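Visitor: Using full-length UniProt numbering, the letters of the sequence shown correspond one by one to residues 1 to 248.
Don't read these hints as lab results, they were simulated from the structure.
No experiment lies behind these values; they were computed from the predicted model shown.
Where hints are given, some of them may not hold.
Simulated DEER-style distance windows between Cβ atoms [to be verified]:
| no. | residue 1 | residue 2 | range |
| --- | --- | --- | --- |
| 1 | 2 | 216 | 17 to 23 Å |
| 2 | 147 | 100 | 22 to 28 Å |
| 3 | 126 | 1 | 24 to 30 Å |
Every residue gets a Cβ at the ideal spot worked out from N, C-alpha and C, and that includes glycine.
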Amino acid sequence: MEPALPPGVRFAKPDDILRLGIVSFESFIGTDCFDWMWIDPNEFPRDVLASEIAVWEDVLVKGEELLLVIEDDYYPDENSKTSAVIDVSGIDWQAPQPGEKVIVGAISFEPNRRSPRVANHCQTTDLSEYPDAPAVELLALDADHYAQLLDSIKEHKKRLGFENGFNIELLVVHPAYHRRGHARTLVKWMQDLARIDQVTVYVAADGKSEEFYARLGFEVIERLEIPGDEITPEGCRVIMMQWLPGEP
């Protein structure tokens with residue numbers, strides 16, 4: 001049993017990964033975690049885009065997470081709403097006509113390890129079904145710097161028992177389509193599913209998204225503050241949050 005998918009929402013498929021890479025690049029840039037990971041993303045925009053595309057392909061190939069996308073009418077000037085430099089010259093993605101439906105957001109989450117649910121909605125292990133994507137060179141990424149953040153988040157998740165519930169891994173909405181309820185729609189569907197399964201929902205939220213999750217009933221468990229350094233003087237904030245399902 002699953003909740004009905006809201007209008008405009010569907011499970012992802014392989015040929016979505018190019019657009020998902022664009023959406024996540026434009027959605028994440030300027031957040032604490034993105035700034036910590038990427039030293040100068042707009043100097044190597046094709047590399048960052050390639051990396052984001054690879055993340056979504058990995059999610060679909062592994063099939064360990066449920067991945068949903070939400071569509072809206074295409075806005076031709078969408079790039080004007082973000083500071084990201086989007087270079088699509090290396091990918092085979094064609095912008096739709098104004099008003100045509102296009103992916104504007106996505107959510108991926110991992111069911112708990114004892115859940116009877118499996119991610120066969122979106123798992124596609126045949127790589128021939130995926131569009132060609134540029135090679136990832138990680139030119140703008142300091143691997144040690146990134147590992148410091150990733151290892152710290154993983155350690156906190158394990159200690160706080162994230163594996164026992166639904167774990168939100170990625171939630172993105174293109175800035176040009178904000179204030180339309182897309183992120184809320186995606187999270188609410190997942191909450192409805194968690195209510196059926198009677199499991200807690202966990203998220204390691206970027207500092208800028210804490211208020212959004214709080215409005216949906218999430219509570220802070222712990223705050224992770226990574227001090228600034230010579231690469232990212234502002235540091236990085238990650239807020240560990242949970243949502244309890246209540247009665248089904």
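Visitor: Which hint numbers does the structure go against, in order from smallest to largest?
Guide: 2
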